[in-house]
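Colleague: Model the full structure from these sequences, guided by the hints.
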Amino acid sequence: MEDEISGFGTDPAAFEVFYRRHVEAVTRFVARRVDDPHLAADLTADVFLAVIESAASYRPDRGSQIGWLFGVARNVIADERRRAARRLGVTGRLAGRRDLDADDIARLEERIDAEAAARRTCRALQELPDGTRALVELVAVDGLTVAGAASALGMSPVAARVRLHRARRIVRAVLARPAATLA
Numbered sequence: 001m002e003d004e005i006s007g008f009g010t011d012p013a014a015f016e017v018f019y020r021r022h023v024e025a026v027t028r029f030v031a032r033r034v035d036d037p038h039l040a041a042d043l044t045a046d047v048f049l050a051v052i053e054s055a056a057s058y059r060p061d062r063g064s065q066i067g068w069l070f071g072v073a074r075n076v077i078a079d080e081r082r083r084a085a086r087r088l089g090v091t092g093r094l095a096g097r098r099d100l101d102a103d104d105i106a107r108l109e110e111r112i113d114a115e116a117a118a119r120r121t122c123r124a125l126q127e128l129p130d131g132t133r134a135l136v137e138l139v140a141v142d143g144l145t146v147a148g149a150a151s152a153l154g155m156s157p158v159a160a161r162v163r164l165h166r167a168r169r170i171v172r173a174v175l176a177r178p179a180a181t182l183a
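For what it's worth, the numbering used here labels the leading residue of the sequence shown as 1, then goes sequentially.
What the hints contain is simulated information worked out from the structure, not anything from laboratory work. The beta carbon of each residue, even a glycine, is placed where N, CA and C say it ideally should be. Among these hints, one or two may not hold up.
[Unchecked claim] Quick list of the computed label-pair ranges, beta carbon to beta carbon:
| no. | residue 1 | residue 2 | range |
| --- | --- | --- | --- |
| 1 | A106 | Y19 | 17 to 25 Å |
| 2 | R83 | A106 | 23 to 31 Å |
| 3 | L100 | T145 | 31 to 39 Å |
| 4 | A114 | R166 | 26 to 34 Å |
| 5 | A114 | R177 | 20 to 28 Å |
| 6 | I170 | V17 | 34 to 42 Å |
Modeller: Following this line, the structure appears as structure tokens:
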């Protein structure tokens, strides 16, 4: 598995296998965090470009491929949010995008609709500190083990379990509020 990732620069077939194995999980990960189908498609592609660029940083002793991949995806999304914040007043987001046909847009809109409850949960998580929120997302939303999420975030599994216990209590209380208060 490690050789598969480290060989992406010299073995396009290995990358294709990796891409096909994980593209749906990455698309779901992104769709839970954004609600624009064009942006979801762009970010999914950006995640796999970042994977190629950072394949040498994958260390199987620190966690699973999917944990590492979600860490890469999380960084790509965070980078995009920072860029979006800088260009908040700028219009014309179509430059540099590939045109999506009606089927692509419909498929991404379906995925975005399917992830609406997860986006509500993510908005509830915004009340948590950044590191704790990332931990909860990786475990509860993206399905990593506590140890895998701890590895992706660079913390010990014990610290992760303590933070996770406290965060779950806070998120349950927030989600118990009426939906209109989370919009």
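Colleague: Indicate, hint by hint, whether the structure satisfies it.
Modeller: Structure-based check of each hint:
1. Remark: the range hint 17 to 25 Å for A106 to Y19 is upheld by a beta-carbon distance near 22 Å.
2. For the pair R83 and A106, the supplied restraint of 23 to 31 Å holds, since their beta-carbon distance comes to about 27 Å.
3. Between L100 and T145 the beta carbons are some 35 Å apart, a value that agrees with the proposed interval 31 to 39 Å.
4. The hinted range of 26 to 34 Å is satisfied by A114 and R166, whose Cβ atoms lie roughly 30 Å apart.
5. Checked against the hint of 20 to 28 Å, the C-beta distance between A114 and R177 comes to roughly 23 Å, which is consistent with it.
6. Distance hint for I170 and V17: a CB-CB separation of about 40 Å, consistent with the stated range 34 to 42 Å.
Of the numbered hints stated above, none is contradicted by the structure.
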